[in-house]
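Visitor: Read off the chains here:
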Amino acid sequence: MPGLDPGIHVFVSVASAWMAGHRRAEATPFFERLRPAMTEQAALSITSTLALDIAGASFAADLSGALFWEAQRLLVVSDLHLEKGSSFATRGVLLPPYDTIATLGRLAAVISRHDPRTVIALGDSFHDRTAHERLSAEDRDAVAVLQSGRDWIWISGNHDPMLPRDLGGTIADEVAIGPITFRHEPTGACGEIAGHLHPKARVSARGRSMERRCFASDGLRAVMPAFGAYAGGLSIRDAAFAKIFPENGFVAHLLGDRRVHAIAASRCY
Amino acid sequence: MPPRILKIPAEPATLLPDRFQAWFAGRGWSPRAHQLALLEKAREDASALLIAPTGAGKTLAGFLPTLVELSTPAIERDASARQSLVSTGRSVQRAGGLHTLYISPLKALAVDIARNLERPIAEMGLPIKVETRTGDTPVSRRQRQRRYPPDVLLTTPEQLALLLSSDDAPFLFSSLKRIVLDELHALVTSKRGDLLSLGLARLWRLAPQIRAIGLSATVAEPDQLARFLVPQPDGKEVAADIVIAGGAAPPLVEMLDTRERLPWAGHGARHALAEVYELIKQNKTTLVFVNTRSQAEMLFQDLWRMNDDGLAIALHHGSLDVAQRRKVEDAMSAGRLRGVVCTSSLDLGVDWGDVDLVVNIGAPKGSSRLMQRIGRANHRLDEASRAVLVPANRFEVLECRAAIDAIAENAQDTPPLRTGALDVLAQHVLGRACGEPFFSDDLYDEVRTAAPYAGLARGDFDDVVDFVATGGYALKTYERFARIKQDKQGRWRVANPKVRQSYRLNVGTIVEEPMLKVRLVRSRSTGSGSTGAIARGGRVLGEIEEYFIEGLTAGDTFVFGGEVVRYEALAEDQVYVSRANDKDPKVPSYMGGKFPLSTYLAERVRRLLDDRRAWNGLPEQVRDWLSLQKDVSRVPGVRELLVETFPRGSKHYLICYPFEGRLAHQTLGMLLTRRLERGRARPLGFVANEYAVAIWGLGDASFMIRNGELDLDALFNPDMLGDDLEAWLAESALMKRTFRNCALISGLIERRFTSEDKSRRQVLFSTDLVYDVLRKHQADHVLLRAARADAATGLLDLRRLGGMLARIQGRITHRELDHVSPLAVPVMLEIGRESVYGEAADELLAEAADELVKEAMS
Chain X
1 MPGLDPGIHV
11 FVSVASAWMA
21 GHRRAEATPF
31 FERLRPAMTE
41 QAALSITSTL
51 ALDIAGASFA
61 ADLSGALFWE
71 AQRLLVVSDL
81 HLEKGSSFAT
91 RGVLLPPYDT
101 IATLGRLAAV
111 ISRHDPRTVI
121 ALGDSFHDRT
131 AHERLSAEDR
141 DAVAVLQSGR
151 DWIWISGNHD
161 PMLPRDLGGT
171 IADEVAIGPI
181 TFRHEPTGAC
191 GEIAGHLHPK
201 ARVSARGRSM
211 ERRCFASDGL
221 RAVMPAFGAY
231 AGGLSIRDAA
241 FAKIFPENGF
251 VAHLLGDRRV
261 HAIAASRCY
Chain E
1001 MPPRILKIPA
1011 EPATLLPDRF
1021 QAWFAGRGWS
1031 PRAHQLALLE
1041 KAREDASALL
1051 IAPTGAGKTL
1061 AGFLPTLVEL
1071 STPAIERDAS
1081 ARQSLVSTGR
1091 SVQRAGGLHT
1101 LYISPLKALA
1111 VDIARNLERP
1121 IAEMGLPIKV
1131 ETRTGDTPVS
1141 RRQRQRRYPP
1151 DVLLTTPEQL
1161 ALLLSSDDAP
1171 FLFSSLKRIV
1181 LDELHALVTS
1191 KRGDLLSLGL
1201 ARLWRLAPQI
1211 RAIGLSATVA
1221 EPDQLARFLV
1231 PQPDGKEVAA
1241 DIVIAGGAAP
1251 PLVEMLDTRE
1261 RLPWAGHGAR
1271 HALAEVYELI
1281 KQNKTTLVFV
1291 NTRSQAEMLF
1301 QDLWRMNDDG
1311 LAIALHHGSL
1321 DVAQRRKVED
1331 AMSAGRLRGV
1341 VCTSSLDLGV
1351 DWGDVDLVVN
1361 IGAPKGSSRL
1371 MQRIGRANHR
1381 LDEASRAVLV
1391 PANRFEVLEC
1401 RAAIDAIAEN
1411 AQDTPPLRTG
1421 ALDVLAQHVL
1431 GRACGEPFFS
1441 DDLYDEVRTA
1451 APYAGLARGD
1461 FDDVVDFVAT
1471 GGYALKTYER
1481 FARIKQDKQG
1491 RWRVANPKVR
1501 QSYRLNVGTI
1511 VEEPMLKVRL
1521 VRSRSTGSGS
1531 TGAIARGGRV
1541 LGEIEEYFIE
1551 GLTAGDTFVF
1561 GGEVVRYEAL
1571 AEDQVYVSRA
1581 NDKDPKVPSY
1591 MGGKFPLSTY
1601 LAERVRRLLD
1611 DRRAWNGLPE
1621 QVRDWLSLQK
1631 DVSRVPGVRE
1641 LLVETFPRGS
1651 KHYLICYPFE
1661 GRLAHQTLGM
1671 LLTRRLERGR
1681 ARPLGFVANE
1691 YAVAIWGLGD
1701 ASFMIRNGEL
1711 DLDALFNPDM
1721 LGDDLEAWLA
1731 ESALMKRTFR
1741 NCALISGLIE
1751 RRFTSEDKSR
1761 RQVLFSTDLV
1771 YDVLRKHQAD
1781 HVLLRAARAD
1791 AATGLLDLRR
1801 LGGMLARIQG
1811 RITHRELDHV
1821 SPLAVPVMLE
1831 IGRESVYGEA
1841 ADELLAEAAD
1851 ELVKEAMS
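Protein chains in written order, with the working numbering: chain X, 1 to 269; chain E, 1001 to 1858.
Treat the hints as calculated values from the structure; they're not laboratory data. Errors might be hidden in some of the hints.
As the list claims (entries may be wrong) - The calculated label-pair distances, taken between Cβ atoms and stated as ranges, are: (1) X:V145 x E:V1511: 38 to 44 angstroms; (2) E:A1495 x X:D238: 34 to 40 angstroms; (3) X:D238 x E:G1649: 40 to 46 angstroms; (4) E:E1731 x X:E247: 45 to 51 angstroms; (5) E:G1235 x X:L234: 51 to 57 angstroms; (6) X:A109 x E:G1537: 49 to 55 angstroms; (7) X:R129 x E:D1442: 38 to 44 angstroms.
Said to hold, decoys possible - To give an idea of the interface, some chain X residues facing chain E are shown, with a C-beta separation under 8 angstroms as derived from the structure: (8) V93; (9) L95; (10) Y98; (11) N158; (12) A229.
Beta carbons are placed, not taken as given, at the ideal position from N, Cα and C, and that holds for glycine.
Kindly produce the complete structure, drawing on both the sequences and the hints.
Guide: Rendered as structure tokens:
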């Protein structure tokens, strides 16, 4: 977090973009974006997505961290890590027990926005093997409501190799639709959409920097950001990403406050 | 209560045993009045606060009662019993045992004091054993100290907390007679002071016979500080007696009357380099204080560039390697240095050699702080300390003038006594549960005997206990994971040994900024920022804040360890840099200093501005500047807020001059920008310095004010501290950092792990995520309340902002100008000059994204 100490606070990129004569017409909309903090309402009304083509299929990278395939009306979310808070609590670290509520709330919002026919939870939906047993009755009901009227696929991940049978939906190790394969751990295969790595990227300029979760994609394959409220991140400059994107020419789609931004991975840290 | 200045007691002979009188005489000394006064207080069985300048023999004064008491024949104290008894449990009572506990804020100080005490003890042949206990003390010695305590133990607040959390604390401390608190003025201003106060409250219970001696520099409210030393009864304020050492010669302080042109802005005072060098040359040893590490680096480098005489000039700041710092300190004690460029790292500590001049570069920030720094020169009471203030810009001239006047009046501006923080209380509650089990009612009463917690509400206390037990969440799902549990009688005790272990590893309130080791390596010709082929290893230059490095891209140059270096790569916790040939670093790293301009000095600066006659005491360049301001705009009055609006280039500017310090101004800038945006004034950005806030935008503020579209009284209404503040806090990085500190101190998140638990490091996550979730789902949680209380006085300085907004209501004067005013020039020059920061994440990201587009189109 740069600039926490520096004497000067400036919306500098704003000013400089404007001074450079960029998008003068957009001056007004950007004040919209500077509006006071996102309330719950505002979060629900945000529709910002960024087009993301993977192996010839057209997806929309959603600001929430979900991926929507319009042609299939398919919504994918990865690494929900439900009950991570209570998982820490078992070891004496008493994190606020609201992460499941928060994660399911955001999931409900993105589902209501896109009204998908199918939802894929791309693995590590539960933080540990007994996490589903710690789900409250309310949370179970919330999951059931999300599932009603649509297909739901739980893909297993390393945190949840044994998925619960009593939480609705279908259980699978991977799903292939047309040119696209959905699996938890990325292998680097063409047409693969995976999670597991929790990509995040840091962008720096003139002594300040910003770190966000992101999609990582080179147009042939993609790694999705973690959706869970307490899920941490791994820098896209980590060697794990170099193995998946051999050309090293991939793009990070960063989840900003109000928009998704495509930035070359080489520009990030 | 008026301060009580003690007269020299009538019969020093009865206070000071023969052995001591002979010792004093043998050294050619006679005991000072305040040293005898403390002995008299000891005889009266009273606790006392000694306020004395450096060089007054403060430490010896603090220990004299102990030395005298322990010098009485050993039979009375039953030395044999002390040798034969071994701790077996809580009920063992002994004669002998630990007599005096000394607490200092610095472990180095504890070690130095031990060394200094050895001398009178050896020379008088006193049967007294003195030992230190710090984080560096080997485990075997620590265990021995608990079984066979020394007579005098010198330690730190953290070590005291650790000792108190052990089962045998009652055994160890039951014999304690005295406690000496050194540099109390420095300790009480932070959460360490809160922790110490809670430790004292515990000690008062374990050993009601304890009397405390506090040693302090001069403070604004000695009566408040004296409360810290004695248990506070329910609903009343009581204070220890106060002893004020007199006789110090007033310091000789002057402002550098530069021959050069005074800069409009900046903090480096580079214009005065030659003059500072000349001062070092003319004196034996000069301490040159600056406000930040990077300023120290810059100045050190610049001085060496002109050091044709090869003067021994050294550098000292907190980020340098410890071994490096020790070397500098030793060279100084040995009188081998002519000058040391340093930061607050040398504010405290024992005397170093013969310093005959203190130079303070830049803004003094506060009069008490400056006086303490000046006291580092000439540690002899009867000789005046000499100091030269070097303002770095025109506003700082005003600040220096105000500080010199304040020193002449001996006016103090130390902060008021803290209200005890709830996160520190949480840590203490867990520590208490690690030792003897406790009843809530008892602990509540005990805690409130500590002055900072005297006003603690029962509801807050219960919330803290609930937090320690199960997290304090409205959603009660963690009962089975409780860290502390009640037994059948209702006493709280720690739930399992792992919790105790975790407490011991995480005790303390100092949250260090995440630091990275800086290593010097050979440059790679092309830097891509990846961690690929770089020569690992390399010499360690020191440590640097992680957030600073995060703002750099490979190839950026900055100053570190006295030279300009190029950032090569980051790998794990190591930063690799190479030597750069650049003269000026690409990334300036002025980090506005830790402390903002004090409220008191700010008020004096406003008074100085308002008083035309006082301008005569200012340098001509500054007088001309102010006169011009008077002619083209207005010089603000003491209580009013001057607001200027003017166009410049294609933008419109609004400048206000609250003089409330950088932190409060940053918060004000954030909130004003939000309001202006809502008022359709279309602001684009702002900068803040210690004196002013400048906001610029597309809307013509002058026109809007003229037409009644923008109401300045409404804009500056204190109600901005309501909804606007709330909305900003939701996303403020400063607030998140404040929360992180509370989460770490309270024990919600562990900072340190046992070795077998190291893998947990990898599953750690950002406390920002916890903040977001908790804020949304339980906004009144005790940790958020703790963070909010911190924000009021800490990084956001809300209390001061609130005070200012109340002060200027109905007293706003607006001047509509054609162009920038003289007073506005310094803050305008800050725009784009310093490393900058904004909270608008999307804009930074969009800028980076544009580069991608450009790349694709080219």
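Visitor: Starting from the range 45 to 51 angstroms, see whether the pair E1731 of chain E and E247 of chain X falls in it by beta-carbon distance.
Guide: Check failed, 36 angstroms falls outside 45 to 51 angstroms.
Visitor: Return the status of the interface hint for Y98 of chain X: holds when the least beta-carbon distance to chain E is below 8 angstroms, violated otherwise.
Guide: holds (4 angstroms)
Visitor: So, A229 of chain X near chain E? Judge it on the closest CB pair being under 8 angstroms.
Guide: With a minimum Cβ separation of about 5 angstroms from chain E (threshold 8 angstroms), the hint on A229 of chain X holds.
Visitor: Verify the interface restraint on L95 of chain X: the C-beta must sit less than 8 angstroms from at least one C-beta of chain E.
Guide: holds (6 angstroms)
Visitor: Can the suggested window of 38 to 44 angstroms be confirmed for the beta-carbon pair R129 of chain X and D1442 of chain E?
Guide: holds (43 angstroms)
Visitor: Verify the CB-CB distance for A109 of chain X and G1537 of chain E against the hinted window 49 to 55 angstroms.
Guide: About 50 angstroms separates the Cβ atoms of A109 of chain X and G1537 of chain E, which means 49 to 55 angstroms holds.
Visitor: Hey, does the V93 of chain X contact hint survive, CB to chain E under 8 angstroms?
Guide: holds (7 angstroms)
Visitor: Tell me if the interface restraint on N158 of chain X is satisfied: Cβ within less than 8 angstroms of some Cβ in chain E.
Guide: Constraint on N158 of chain X not satisfied, violated at 13 angstroms.
Visitor: Assuming the hint says 38 to 44 angstroms, is it satisfied by the Cβ distance from V145 of chain X to V1511 of chain E or not?
Guide: holds (42 angstroms)
Visitor: Is the hinted range of 40 to 46 angstroms satisfied by the C-beta distance from D238 of chain X to G1649 of chain E?
Guide: holds (44 angstroms)
Visitor: Falls inside 51 to 57 angstroms, the C-beta gap from G1235 of chain E to L234 of chain X?
Guide: Cβ of G1235 of chain E to Cβ of L234 of chain X: about 55 angstroms, so the range 51 to 57 angstroms holds.
Visitor: With respect to the beta-carbon atoms only, verify the hint that A1495 of chain E and D238 of chain X lie 34 to 40 angstroms apart.
Guide: holds (38 angstroms)
Violated hints, listed in ascending order, are 4 and 11; each of the other numbered hints is respected by the structure.
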